[in-house]
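Participant: Chain by chain, the residues run as shown.
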Amino acid sequence: EISAPWTFHNLQELRHSASLANKVFLQRDYSDGTTCRFQTKFPSELESRIERPLFEDTVKRLNIYYAEAEKMGGQSYLEGCLACATAYLIFLCMETRYEKVLKKIGRYIQEQNEKIYAPRGLLITDPIERGMRVIEISIYEDRGSSGSCSGSSSTSGSSAR
Amino acid sequence: MLHLRVAEPMRECEYSQISTRSSTPMETPYKKRIPKRRKWQAFPGRNKFYCNGRIMMARQTGVFYLTLVLILVTSGLFFAFDCPFLSMQITPAIPVIGGVLFVFVLGTLFRTSFSDPGVLPRATPDEAADLERQIDVANGSSSGYRPPPRTREVVINGQTVKLKYCFTCKIFRPPRASHCSLCDNCVERFDHHCPWVGNCVGKRNYRFFYMFILSLSFLTIFIFAFVITHVILRSHRYGFLNTLKDSPASVLEVVVCFFSVWSIVGLSGFHTYLISSNQTTNEDIKGSWSSKRGKGNYNPYSYGNIFTNCCAALCGPLPPSLIDRRGFVQLDTPQPITPTNGITMYGSTQSQSHMAAATPLLQSEPVILTDEAFLPGRTSLGGPCSGALPLGGHPTPPTSTPNLSCDNDMLPLRNEQSDGLRHHHTDGGHHHFLTPEEAPSPPGMLPCGSPLGHSHTIQGFYNPASQDSLHEDSVRGLVKLSSV
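Here the protein sequences line up with chains L and H, keeping their order.
With this note's numbering as the guide, the letters of the first sequence map in order to residues 8 to 168.
With this note's numbering as the guide, the letters of the second sequence map in order to residues 713 to 1196.
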């Protein structure tokens, strides 16, 4: 159990009272082609903040969800053919399977943030907001503690997210 | 209103006061003054947006309007002049089928032209910095004049694929992605930039493009066949000259269809081949997966059989757009373009909007020079590139521009020379110079097949370059040839 000198009860508290110290980026893993997968390599900056199995579990689950979104099977073919037959007007009323899964991923990330990452001073950004290029993990330091903001970005001073 | 014009020291005081009060400092004082801007207004690429961000096209849309006019006029003349006769003499199903084809053609054309081809948003400053750090660590300290090229290797399905670093977007391009110099965007599964539809053809709109050219082939053949039928039947009854007098439009239709059929049907055949082997135009032109390159060279993305490849390309899941054109710009989120001289966030997004949407002239000026600077150089390189075509016995791709097919093989020498250029200029202002890998398509492609004078469109647009860049570029061209 990693001892944390801060306790964040929710994400709002995290954003308001913490300052951004660093960001870690998990890049895409293209070894399987162009399908969406992220590398599960555990970044060294997170070693002191979160247990490895928890982290790897999150990333693996995200990879499973993305694979599900991009899976080519009977259902997706049916959806494609139906859409073509209706001249793609059907998407005005119905959302694609990909979009449904993306919403599910958004909810999952929100839940993970609230339960696991925010209490440890971390925040996962949904990859869709970064063009599906990276999983961005923001590392926060408690304002009260003497965390150095050396690695922070240009947004550090003014925007405590 | 005073905040913007206030002298430096005063403004700084104001700024730090705001930051301790609320978590979103920028919004509170400015909220009433600035209406929320949509992301398309701050889009860094060279695209045009219409209908408040719903429609997205490339910057040059002239040829698209030509396509539209040709289709509308020819079909209109067909329905007006030939269909009445044909529906009476043969069957009324003819105009009905023609109508269905016509609607389908227009629908797929609009869908191809107006949708996001699969543009990859540019890296946020944090990401770019992180990547730079990783690259520096990997390469060690830059030794001397020539830093090593920025590439990453990944093994996909047994094949080694090189991922290149895009200097404009500051990302490592995913496999099969490419940077379109005309639109200044990285596009996923980049096929080519098609001036006829006025947009890039990439992952998200390839199926629409294919269905457009397929249905247009059918429509062209349909109109051609039935206009000939009409003329023949009428000539039997009234004589050939009378037929021409009664229905002069038929001649025009026949001429247009005759010339279109070769290119459109040829293009459809070519893309059918590409789909069945799961290749992009870009890869095919470069011969990336051709067996001529090496014994073990094969396409790692192909599923093995034609049916699966076709299904994957045409009926696979359609990924959503990554650029969120109609979302609102969050002033506290990092913007891809960094402000150059310490101006406030508001100022930077303002200049972005000027660049991206309203006045492309500001950006286009330096771009025109570099475009043309590389253009003559490309002519000398047309040899090796277009040479790939006859080798494999592939049908030559006609009209559409297979952009940057040769360019990605450019030497590292060119990369960091213009990288130096690029850095210098981005420090000075918001001008985006093109790296050689992003320069426009080689005219070497154009002699291969552009029956409709496509090459003239491009050459007419660019101004003559200076002697220096011509000379420099032909030297580079020679170096490239010698290294192949």
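Please note that a few of the clues may not be correct.
Unchecked claim - Straight-line distance between alpha carbons at most 30 angstroms, and here's what the computed DSBU-like set of lysine-lysine pairs gives:
1) L:48 x L:107
2) H:998 x L:48
3) L:48 x L:111
4) L:110 x H:751
5) L:67 x H:882
6) H:751 x L:111
7) L:111 x L:67
8) L:48 x H:748
9) H:1007 x L:111
10) H:748 x L:110
11) H:876 x L:78
12) H:882 x L:110
13) L:67 x H:748
14) H:957 x H:751
15) H:876 x L:67
16) L:48 x H:760
17) H:760 x L:110
18) H:957 x L:107
19) H:751 x L:107
As the list claims (entries may be wrong) - Listed next, the stretches of chain L that the computed footprint assigns to chain H, with coverage defined by at least 3 CB atoms under 8 angstroms from CB atoms of chain H:
20) 46-60
21) 63-71
22) 76-84
23) 87-96
24) 117-126
Keep in mind that the hints were calculated from the coordinates and are not lab data.
Please read these numbers as outputs of a predicted model, since none were measured by experiment.
Ideal Cβ placement from N, Cα and C applies to all residues, glycine included.
Participant: None of the hints should be skipped; say for each whether it holds.
Facilitator: Structure-based check of all given hints:
1. About 28 angstroms separates the Cα atoms of residue 48 (chain L) and residue 107 (chain L), which keeps this hinted pair within 30 angstroms; it holds.
2. For the proposed pair residue 998 (chain H) and residue 48 (chain L), the alpha carbon gap of about 34 angstroms is over 30 angstroms, so the pair is violated.
3. Distance check on the hinted pair: residue 48 (chain L) and residue 111 (chain L) sit about 24 angstroms apart at the alpha-carbon level, within 30 angstroms; holds.
4. Note on residue 110 (chain L) and residue 751 (chain H): the hinted pairing holds, with a Cα-Cα distance of about 21 angstroms set against a maximum of 30 angstroms.
5. At most 30 angstroms may separate the alpha-carbon atoms for a hinted pair to count; residue 67 (chain L) and residue 882 (chain H) meet this at roughly 27 angstroms.
6. Note on residue 751 (chain H) and residue 111 (chain L): the hinted pairing holds, with a Cα-Cα distance of about 24 angstroms set against a maximum of 30 angstroms.
7. Straight-line distance between C-alpha atoms of residue 111 (chain L) and residue 67 (chain L) comes to about 15 angstroms, which keeps the hinted pair within the 30 angstroms bound.
8. About 39 angstroms separates the Cα atoms of residue 48 (chain L) and residue 748 (chain H), which puts this hinted pair outside 30 angstroms; it is violated.
9. Of the supplied pair hints, the one linking residue 1007 (chain H) and residue 111 (chain L) is violated, its CA atoms being roughly 44 angstroms apart against a limit of 30 angstroms.
10. Annotation: proposed proximity of residue 748 (chain H) to residue 110 (chain L) holds, straight-line Cα distance about 25 angstroms (limit 30 angstroms).
11. For the given pair, residue 876 (chain H) sits about 27 angstroms from residue 78 (chain L) by alpha-carbon distance, which is consistent with the 30 angstroms threshold.
12. Between residue 882 (chain H) and residue 110 (chain L) the CA atoms are separated by roughly 28 angstroms; this keeps the pair inside 30 angstroms, and the hint holds.
13. Between residue 67 (chain L) and residue 748 (chain H) the CA atoms are separated by roughly 37 angstroms; this puts the pair beyond 30 angstroms, and the hint is violated.
14. Under the criterion of a C-alpha separation no larger than 30 angstroms, the hint pairing residue 957 (chain H) with residue 751 (chain H) is inconsistent with the structure, at around 56 angstroms.
15. At most 30 angstroms may separate the alpha-carbon atoms for a hinted pair to count; residue 876 (chain H) and residue 67 (chain L) meet this at roughly 26 angstroms.
16. As the CA atoms of residue 48 (chain L) and residue 760 (chain H) are separated by approximately 40 angstroms, the hinted pair breaks the 30 angstroms bound.
17. The suggested pairing of residue 760 (chain H) with residue 110 (chain L) holds, with an alpha-carbon distance near 29 angstroms, which does not exceed 30 angstroms.
18. A distance of roughly 59 angstroms separates the Cα atoms of residue 957 (chain H) and residue 107 (chain L); the hinted pair therefore is violated under the 30 angstroms criterion.
19. Between the alpha carbons of residue 751 (chain H) and residue 107 (chain L) the distance comes to roughly 23 angstroms, so the proposed pair stays at or under 30 angstroms and holds.
20. Requiring three or more residues with a Cβ within less than 8 angstroms of a Cβ of chain H, the coverage given for the region 46-60 of chain L is violated, as only 0 such residues are present.
21. For the region 63-71 of chain L, the stated coverage by chain H is violated: 0 residues have a C-beta nearer than 8 angstroms to a C-beta of that chain, whereas at least 3 were required.
22. Remark: the region 76-84 of chain L is confirmed as covered by chain H, as 6 of its residues place a Cβ nearer than 8 angstroms to a Cβ of that chain, reaching the required three.
23. Counting residues of the region 87-96 of chain L whose beta carbon lies closer than 8 angstroms to any beta carbon of chain H gives 6, which reaches the threshold of three, so the coverage claim holds.
24. With a threshold of 8 angstroms between beta carbons, the proposed coverage of the region 117-126 of chain L by chain H is violated, since 0 of its residues qualify and at least three are required.
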